[in-house]
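These protein sequence lines are chains Y and B, in that order.
Here the first sequence stands for residues 901 to 1222, where the numbers follow our numbering.
Here the second sequence stands for residues 662 to 1206, where the numbers follow our numbering.
Hint data in this document are derived by calculation from the structure and do not stem from the laboratory.
Hints may be right or wrong, so weigh each one.
Now the in silico label distances, taken between C-beta atoms and shown as ranges [stated by the list, open to error]:
| hint | chain 1 | residue 1 | chain 2 | residue 2 | range |
| --- | --- | --- | --- | --- | --- |
| 1 | Y | Glu-1177 | B | Tyr-1029 | 43 to 49 Å |
| 2 | B | Lys-1079 | Y | Phe-986 | 43 to 49 Å |
| 3 | Y | Leu-1007 | B | Asn-1073 | 38 to 44 Å |
| 4 | Y | Gly-1186 | B | Gln-762 | 32 to 38 Å |
| 5 | B | Arg-1001 | Y | Gly-1181 | 52 to 58 Å |
| 6 | Y | Ile-1058 | B | Pro-747 | 56 to 62 Å |
Distance condition first, Cα-Cα at most 30 Å in a straight line; then the derived DSSO-like pairs of lysine-lysine [unchecked claim]:
| hint | chain 1 | residue 1 | chain 2 | residue 2 |
| --- | --- | --- | --- | --- |
| 7 | B | Lys-765 | Y | Lys-1150 |
| 8 | B | Lys-939 | B | Lys-1170 |
| 9 | Y | Lys-1220 | B | Lys-939 |
| 10 | B | Lys-1170 | Y | Lys-1207 |
| 11 | Y | Lys-1220 | B | Lys-731 |
Derived coverage of chain Y by chain B (criterion: at least 3 residues anywhere in the stretch with Cβ under 8 Å from a Cβ of chain B; other residues may be distant) [claimed, not checked]:
| hint | segment |
| --- | --- |
| 12 | 1075 to 1088 |
| 13 | 1092 to 1099 |
In this text, a Cβ means the ideal position worked out from N, Cα and C, and glycines have one as well.
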Amino acid sequence: MDYLTLIQLLDSTVRLATPLLLACLAGLFSERAGIFDIGLEGKMLAAAFFSAALAAITGNVWLGLLAGIGASLALSALHGVASITFRGNQLISGVAINFLAAGMTVLIAQDWFQQGGRTPSLMAGGRFEGITLPGAEAIADVPFFGPLYAELISGHSILVYMALAAVPLTWWLLYRTRFGLRLRAVGENPASVDTAGISVVGLRYAAVAICGVLCGIAGAYLSTALQAGFVKDMSAGRGFIALAALIFAKWRPWYALWATLLFGLFGALETRPDVIEAVIGMRVQGQLLGALPYVMTVIILAGFVGKAVPPRAGGEPYIKER
Amino acid sequence: MTGDTTLERQATAAPDVPAIELKGISKAFGPVQANKDISIRVMPGTIHGIIGENGAGKSTLMSILYGFYKADKGEIWINGSRTEIPDSQAAIAAGIGMVFQHFKLVENFTVLENIILGAEDGRLLKPSLAKARRTLLELAEDYGLNVDPDALVQDIGVGMQQRVEILKALYRQADILILDEPTGVLTPAEADQLFRILGRLRSEGKTIILITHKLREIMETTDTVSVMRRGEMTATVRTQDTSPQELAELMVGRKVLLRVDKTPADPGEVVLDIKGLKVIDDKGVERLRGIDLQVRAGEVLGIAGVAGNGQSELLEVLGGYEDGTGEVRLNGQLLDLTGRHSDGQSRRARGIAHVPEDRQREGLIMEYQAWENTAFGYHHDPEYRAGVLMNNAAIRSDTAEKMERFDVRPPNPKLAAKNFSGGNQQKIVLAREIERNPDLLLIGQPTRGVDIGAIEFIHQQIVALRDQGKAILLVSVELEEILALSDRIAVMFDGRVMGERMPDQTDEKELGLLMAGITDTNAPHSVEEIERNLAHAPGDASKEV
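Next up, chain Y with everything else stripped away, as it sits in the complex (with noise of 0.2 Å):
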């Protein structure tokens, strides 16, 4: 393998690990305080669609971005109605949560556009494009560095730079900040921080709506950057992917950050069969890199590379007691 496959694969990785990233913080915010998402999915897949159809529809991806980012937050205000309002069962909101976006998306995209549950492909304009970043066309031929900054650093959306700024941005809310030491507080034990007289049903709908804003984002990117327009289901499992992350990560975010390139590693070289040929001789096959994240989650819940502890009142609706 040389070098420039090599630059390609990552290139290639950090694209496809940004939707992870972006979904994995969602679920961090949102499972840090308390309420479990298995929703993730669904909510990406709304948010892809319905930034592809503003895009279509105006022309401006920009706008594209901000209907998705509200149709996710739509379906996280859902979530948190029936589980924080209502103290209803999490996982059985969020398994709604996705039926209702995969069914929906399509049924909308038909009603709009009739092209078979898509939106019409997006053209220059509805699109994020790779922005080049000062110096990178200049110092392309430099050896090694050169095609360093060109092809890895430079070229990506802004949502991929983005997604990478979530993540110090995340860390320093949650360990630096008041809000920080309230939400993971609300997810560790609510009643200290209802006794402490502090809203936690209000806590938590922060924490759900950030998550929303994330997701949004994160399903824009898919069908506004990472790809021309919405097809049906085109996230793919994403969102459960990123939970895997987030436990592999054991809801830190900077671990997020190594354990979503670590998946996208995996799914940028079930692209590249032949650079696995290349380098370990022989072929395999792509589904089998594409339960790499699952099996491995599997593993870290077994509890072989140390231990992931989940928030402690993960999943559990707060009812005041004495």
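Given the structure of chain Y, go ahead and fit chain B onto it with the hints provided.
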């Protein structure tokens, strides 16, 4: 505490103005009147006890004061001015701090983080944490409340966690501190330490409300005591003017026998014969190091000891859910201590009934109804069966009868176990085990968390069973209970029996020394050594929470 708040308090609260005055507080939950027209005055700089049976409404009243519930009627006056307390925030602002029975701490946060949670100074943590660290040092100095600010709460002991709760309240500049059953999870040494801290707080001018159902704590620590019974405040008296007997009477509304009425035992054949019993736990620690005991028909053998010295393991191995080695005979027949014939089922078949120490975990399934709980372990009995199915109607009517006989309130077989009070839950377990006419009854902590009225009833049942000629092995950490019920007392320490005594030939002092691992043969020991022994005894507090 900072100097200016102290000044403020003295300025606003003249000594004759109550720190807290409640006027005509009423609160109903559905048809249940939890608080009925309650009025109380708590003077500043005093420790005011509130005592009452479980379910008397003490905790409801304090929850109203802390803004957890809203009173249907009534007024709250703090330092002479009428105050509305719609939520905990308002209570904190009014200078009220509460230490709950079950701590409200975040386990994987540091002590410091727990203390500032909700009382941060700004959006960023760093300055808040720095300020809290300084304040904590001052508080530690002022009140002798030393804690390591950087320790994780999950790594510190229960007593220390309670200090963190107290510090939390003080950090919020609370002048009024409410403690709800604070000693329920503490060892005796930790409890003494807590009461020393409370004394210190009082001398610094804080007002303390102590909620408890333990008469001893009231008598030893409070200045004034209010008694609650069935949602009503029956009396408020100065502690020095009253006696435990009078308080007990006020609590239950009738005379209570603090001593158990019983005739001398008439022991018969040896029923249970234990020789060299050992138990090694999962971590490889020897919890029983060779126990020799005998229990005869018609006698109560009481096992005294500080919790965690092997009493639990003794009950568990005899009850059939812990493996052991050694020789245990029941009516002369060997019992299997390992293997498939050493489970609870086989033990019951051999005539051993077991009222476990932790009734909510081991004795009952809290979500299940009373009649279902009554059938557990006995569901294979012919009268409970209809072919391969269970004869639910028979179980239900049998349960109803048992509930009647054991005075379980309410006598409703279809009520879930969790909806009964502690005492009534215990009666359900007791009814299930005693009514099978066992040869041997194992009973652990029979009256833990049980109110006085039920304690009396349970003690009578145990004595009655003894008088029928049954053998009874009683484990209790309450020395008073051991002394009152036992015909013979064995004291356990560190997995061994330190000695046996007759209740009329010993006293709490001698038993206390034995419980600390001190016998006559190794007599000259210092007080420090006793305390060290006690401190090293692994407590079972975590089990109870």
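Status of each hint after checking the structure:
no.: 1; hint: Glu-1177(Y) - Tyr-1029(B): 43 to 49 Å; result: violated, 60 Å
no.: 2; hint: Lys-1079(B) - Phe-986(Y): 43 to 49 Å; result: violated, 22 Å
no.: 3; hint: Leu-1007(Y) - Asn-1073(B): 38 to 44 Å; result: violated, 51 Å
no.: 4; hint: Gly-1186(Y) - Gln-762(B): 32 to 38 Å; result: violated, 57 Å
no.: 5; hint: Arg-1001(B) - Gly-1181(Y): 52 to 58 Å; result: holds, 54 Å
no.: 6; hint: Ile-1058(Y) - Pro-747(B): 56 to 62 Å; result: violated, 47 Å
no.: 7; hint: Lys-765(B) - Lys-1150(Y); result: holds, 24 Å
no.: 8; hint: Lys-939(B) - Lys-1170(B); result: holds, 28 Å
no.: 9; hint: Lys-1220(Y) - Lys-939(B); result: violated, 45 Å
no.: 10; hint: Lys-1170(B) - Lys-1207(Y); result: violated, 47 Å
no.: 11; hint: Lys-1220(Y) - Lys-731(B); result: holds, 13 Å
no.: 12; hint: 1075 to 1088; result: holds (count 11)
no.: 13; hint: 1092 to 1099; result: holds (count 7)
Checked against the numbered hints given earlier, the structure breaks hints 1, 2, 3, 4, 6, 9, 10 and satisfies all the rest.
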